[in-house]
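For this one, chain V is given, so just place chain R on it according to the hints.
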Amino acid sequence: MPIPDFVKRINDYVWEIPVSYKDGMRVPARIIASKKLVEEMDMQVYDQVTNVATLPGLQKYAYCMPDGHSGYGFPIGGVAAMDAETGVISPGGVGFDINCGMRLVTTNLNYDDIKPRMKELLDMLFKKVPAGVGSTGFVKLTPQKFREVVQIGAKWAIENGYGWKEDLERTEEEGCSKFADQTKVSDKAIARGLDQIGTLGSGNHYLEVQVAKPENVFDKEIAKAYGITQPNQVVIMFHCGSRGFGHQVATDYLNTFLKVMEPKYGIKILDRELACAPFKSPEGQDYFAAMNCGLNMSFANRQVILHRIREVFESVFKKSAEDLEMRQVYDVAHNTAKLEKYEIDGKMKELIVHRKGATRAFGPGNPEVPKIYRKYGQPVILGGSMETGSYLLAGTKGAEELTFGSTAHGSGRTMSRTQAKREFRGEVLQKQMEARGILVKTMSYPGLAEEAGGAYKDVHAVVEACENAGISKRVVSLVPVLNVKG
Amino acid sequence: MTKIPISIITGYLGSGKTTLLKNILKDADKKIAVVMNEFGEIAVDSKIIKGKNIEIAELSGGCVCCSISGEFGLAIKELIRKVRPELIILETTGVADPENLVDDIQTTLSDLVFLDAAITVVDADGFLKFPSIGHTGRVQIEMADIILLNKMDLVSESQADEIELKVKQINPKAYFFRTRNCEIDFHTIFGFNVGNKQTKGHKQHITESWFSYESKFRMVRSKFETFLKALPKEIFRAKGFVLLDEKSYLLQYVAGRYELEPFKTDLNQIVFIGNGADNVKDKILRVLEHCH
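If you read the protein sequences in the order shown, they are chains V and R. Numbering follows this note's numbering, in which position 147 of the first sequence is assigned residue number 147; successive positions increment by one, without gaps. Numbering follows this note's numbering, in which position 241 of the second sequence is assigned residue number 1241; successive positions increment by one, without gaps.
Each hint should be verified, as a subset may be incorrect.
For the chain V half of the interface with chain R, some residues (derived, Cβ under 8 Å), not all of them [what the hints assert, rightly or not]:
id, residue
1, S70
2, P263
3, I267
4, I269
5, D271
6, E314
7, S315
Calculated lysine-lysine pairs in the DSS-like style (CA-CA distance at most 30 Å, straight line) [unchecked claim]:
id, chain 1, residue 1, chain 2, residue 2
8, R, K1129, V, K264
9, R, K1168, V, K259
10, R, K1077, V, K128
11, V, K8, V, K397
12, V, K127, V, K178
13, R, K1022, V, K259
14, V, K127, R, K1082
15, R, K1129, V, K259
16, R, K1173, V, K140
17, R, K1052, V, K441
18, R, K1047, V, K140
19, R, K1022, R, K1173
20, R, K1052, V, K119
21, R, K1129, V, K188
22, R, K1077, R, K1031
23, R, K1082, R, K1173
24, V, K371, V, K220
25, V, K127, V, K140
26, R, K1168, R, K1283
27, R, K1022, R, K1047
28, R, K1077, R, K1129
These aren't lab readings, by the way, just hints derived from the structure by calculation. Please read all numbers here as calculations on a predicted model, not as lab measurements. Glycine residues also receive a C-beta, built at the ideal position from the N, C-alpha and C atoms.
Next up, chain R with everything else stripped away, as it sits in the complex:
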């Protein structure tokens, strides 16, 4: 049984988290479980099933929305047992300290799930209004793999550049998307089905490109990990299968952080995704050849 990806969405109240979730659920062709503090706007009128540690509301299209009523770790285990989702998204309230959740995911839950991406929604307009970055805001930015600079309709491109520069001082490794109303392609942000970009609900012009690598050679694990750690900033996601030393793995890479999970395969098959991925394609493929 492969581990289930779990992504975290954080951001201040009013930054656009709920809008983002609605967009994700609208476009999703995977079974997603959204875990939130309360059902709120997502599961209006849904029938709610009360479990021991979690309450689950079924949404149209097979996805579910859940609210935790017991201990976090137990709730996630119960969710997986009952629903078996393909992706779990945790929506933290505008104020919670999400650091703690990350820690639970990486320690007590590490047999079942892996941290896919921490996505932080930054309200660009709010960022200009309040020049001092608050404590919670800072924590949210620090932990992000992906930052959505949202409400781009309310700021100019040059203002957005300034904000990005400031945010990068706190977190230099995160990957940026600039959005209006959190409109972003579900497949792009989660790296699903990238080979097939004919997705539904396509509103935003996607500047992300992708390429893939395939081979049958076994690579040296230490060399491959060195390669991963040095991936250029153009690549925000890489996923697929790899043959390392005597074993084979499932690879998940997001903005500098990666996970290798044992997985049966006889092929190296990696997809690289990012803004300007095309430009670094040759270089990356060349380095990969040296990992053998």
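The following block holds chain V by itself, in its conformation from the complex:
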């Protein structure tokens, strides 16, 4: 679609929709993308990002990242920072799959080491890391125990032997948000999440074994610091979230917010999917506390999955995970709202930064970045489609200045799931991928078709836009060889 007249070009990678576009906009909306990527966005993205711009307390701009497409309320790829004192918090700005995120793990194996064991590795990963809509995990917990999990996150997993202590240091917020309060979570949410620890789920969730080819390393020094040290090194990347638990937390509080938003707080919004409450209100604080439990559930989930992956590699390669140097690079959250401080009009302000399908991308020197990486910036794990590969990027000062420390999270859909299923057939896709050296195993062929590379934007173009806009820096691109599709 040609770019409409109301979208103004600020520079090659920043596009703006002014406040005059729509009644009620408090700030302009900004899309970070190349001309071509903006052209690929649909009218709903413009509509949604400008609806977000009407929310109380929003600072500077309502943002959409280069991989943006329309979603529930906010576009996926939406970033919005509200003044914590006067602004609102909105579940639509976090998403239903709270802390859907990525984890990347290195090994000291190279592609030749795993080539003879590919099938065995795939089958075992598929077996040990349950996937699919209603998949349940091997960890059996009582509701009371599960409440403990959502309270302390990945820390619970480490305390129970599912992982290494250093994994925590290499996880956003050390895998345990201090703002979580399990008393703010409904029993229904607990019941839905109870048996889902250690499971991938469905949709765009996956587990991939990937290879870092030497020609795909963009910055050798940072790659080395992140643990990519040898040619054709094998790494494992996976994407999943808080499953039914996060979904129920979001549903519960959307209901609450719809009831109090206008009658109690006099907030009028354009789209009910943007239901919100003042961040400092009791309802806003309760959601924040429950949403952080979703964050913790997800960190714990990915921690247990990492443990299972290590077990699989140990069993297939007959070596300990330590000997295989299966070290976690990092774990990043996609769907969150976080309290962070930024300078606004010369003053430091505490903001509640909504990132919905967007990744935190803090630059070098930021105290939130683990010490081992602080010199280089935070690792950003960007998942591409299962056919085109993924990226490891580094956060930048530019992101902190331009987009409240945020960058893209994936390649972004160009096609609805239904449309993708009409265009592609899962069985055919599986064979085509196999011919190109990517073995894939799935619970559902229609589900596989939904994730065809052709249903997504060009991941390389998305990453290039991020780098040229200055909101992250390319470190290495990773090519998939095995894929367990959720």
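Chain R only, in chain V's frame:
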């Protein structure tokens, strides 16, 4: 074994989906299986039987309420094997992407079930409060065969006209019912037993009328399908049996979408239902005579 109809109910949180389900179950004289994300308000105090992919709770009157614990397709197969319902109703949560379910029904499950109707409950009052139609709301409207414009007690008729106009811009083919508290006759919405309108629990004034067609002539399939595709908007359902070319079929038509399933019969017998069906009766019967 004929395919089992499967209907989907979607709508935002608080639009009235649960109320609609309760109304349907109260009036039902068919064995209905309601599949929902969690048992919630429908199956309070019922005994729950855990299966491999589905949990089933028996309700009074022979209906069941189920919650899926495994993969969707496997769960539906298990449900059919165990309960053999006459109608399956899927209640999606206020937020799920129901497009996916439709696709599963039409592909992986197409031997066992057919998509009867996608029913979307639109909260008329909410529609006025929030002028921008959200992403999920749009998807729900796009996929609907039948739209219940609910909470009519909270809006005026002219406001309802405006809403209908807006909704029709997204989905011009869906059939509208205006309701309060989702009060709608079970038989009307699902097209059951239309010849016998003495149904229980009749609260709402039904403006839908019906007529039937019967003959023994074989029709030409291509002509008949052209006729179906051109049915006037007054008709929202048509069902019955037809003799086409050398074969015979069971016909299910809902708001522009239809299915012909092989079925043994020696008679054309079709019932047409809709608001103002009487007014188009003569025209329809005339066209049908030309399908021979």
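> Can you name, in rising order, the numbers of the hints this structure does not satisfy?
Replying inline: 2, 3, 6, 7, 12, 16, 23 and 28
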